[in-house]
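Participant: Under the working numbering, read the sequence shown as residues -3 to 41, first letter to last.
To be clear, the hints were calculated from the coordinates, so they are not data collected in a lab. Treat the hints with caution; some may be incorrect.
In silico DMTMM-like cross-links for lysine to aspartate or glutamate, where the CA-CA straight-line distance does not exceed 25 Å [stated by the list, open to error]:
{"no.": "1", "residue 1": "K(-2)", "residue 2": "E21"}
{"no.": "2", "residue 1": "K3", "residue 2": "E20"}
{"no.": "3", "residue 1": "K35", "residue 2": "E10"}
{"no.": "4", "residue 1": "K3", "residue 2": "D36"}
{"no.": "5", "residue 1": "K35", "residue 2": "E21"}
{"no.": "6", "residue 1": "K(-2)", "residue 2": "D8"}
{"no.": "7", "residue 1": "K35", "residue 2": "E0"}
{"no.": "8", "residue 1": "K22", "residue 2": "E10"}
{"no.": "9", "residue 1": "K(-2)", "residue 2": "E12"}
{"no.": "10", "residue 1": "K35", "residue 2": "E20"}
{"no.": "11", "residue 1": "K(-2)", "residue 2": "E10"}
{"no.": "12", "residue 1": "K35", "residue 2": "D8"}
{"no.": "13", "residue 1": "K(-2)", "residue 2": "E20"}
{"no.": "14", "residue 1": "K22", "residue 2": "D36"}
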Amino acid sequence: MKTETVKYQATDIELEGYIAYPDEEKAPLVLIAHTWAGKDDFVHE
């Protein structure tokens, strides 16, 4: 498993994301985009 932090910018704010993927195999993508208030129970479910 490879993991890395990804920095990106939205307008004038620098943000940080996290990506994890298998070393060799192709795998489906799972994207988690939580609300502005952070990861809550709804997003977790």
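Participant: Does each hint hold? Answer for all of them.
Facilitator: A quick look at each hint next to the structure:
1. Of the supplied pair hints, the one linking K(-2) and E21 holds, its CA atoms being roughly 11 Å apart against a limit of 25 Å.
2. For the given pair, K3 sits about 24 Å from E20 by alpha-carbon distance, which is consistent with the 25 Å threshold.
3. Straight-line distance between C-alpha atoms of K35 and E10 comes to about 19 Å, which keeps the hinted pair within the 25 Å bound.
4. Restraint check: the Cα-Cα separation between K3 and D36 comes to about 22 Å, which is no more than 25 Å; the hinted pair holds.
5. Distance hint between K35 and E21 is unfulfilled; the C-alpha atoms sit about 29 Å from each other, more than 25 Å.
6. Taken as a hint, the K(-2) and D8 pair is broken in the structure, with Cα atoms around 29 Å apart against an allowance of 25 Å.
7. Distance restraint check for K35 and E0: the Cα-Cα separation of roughly 20 Å lies within the 25 Å cut-off, and the hinted pair is therefore satisfied.
8. Under the criterion of a C-alpha separation no larger than 25 Å, the hint pairing K22 with E10 is inconsistent with the structure, at around 29 Å.
9. Proposed proximity of K(-2) and E12 is supported: the alpha carbons are some 17 Å apart, at most 25 Å.
10. Proposed proximity of K35 and E20 is contradicted: the alpha carbons are some 30 Å apart, above 25 Å.
11. Restraint check: the Cα-Cα separation between K(-2) and E10 comes to about 23 Å, which is no more than 25 Å; the hinted pair holds.
12. A hinted pair counts as satisfied when its Cα atoms are at most 25 Å apart, and K35 with D8 qualifies at roughly 23 Å.
13. For the hint linking K(-2) to E20, the alpha-carbon distance of about 10 Å falls within 25 Å, and the restraint holds.
14. Between K22 and D36, the direct Cα distance comes to roughly 30 Å. Violation of the 25 Å bound is thereby established for this hinted pair.
Going down the numbered hints, you'll see the structure goes against 5, 6, 8, 10 and 14, while the others check out.
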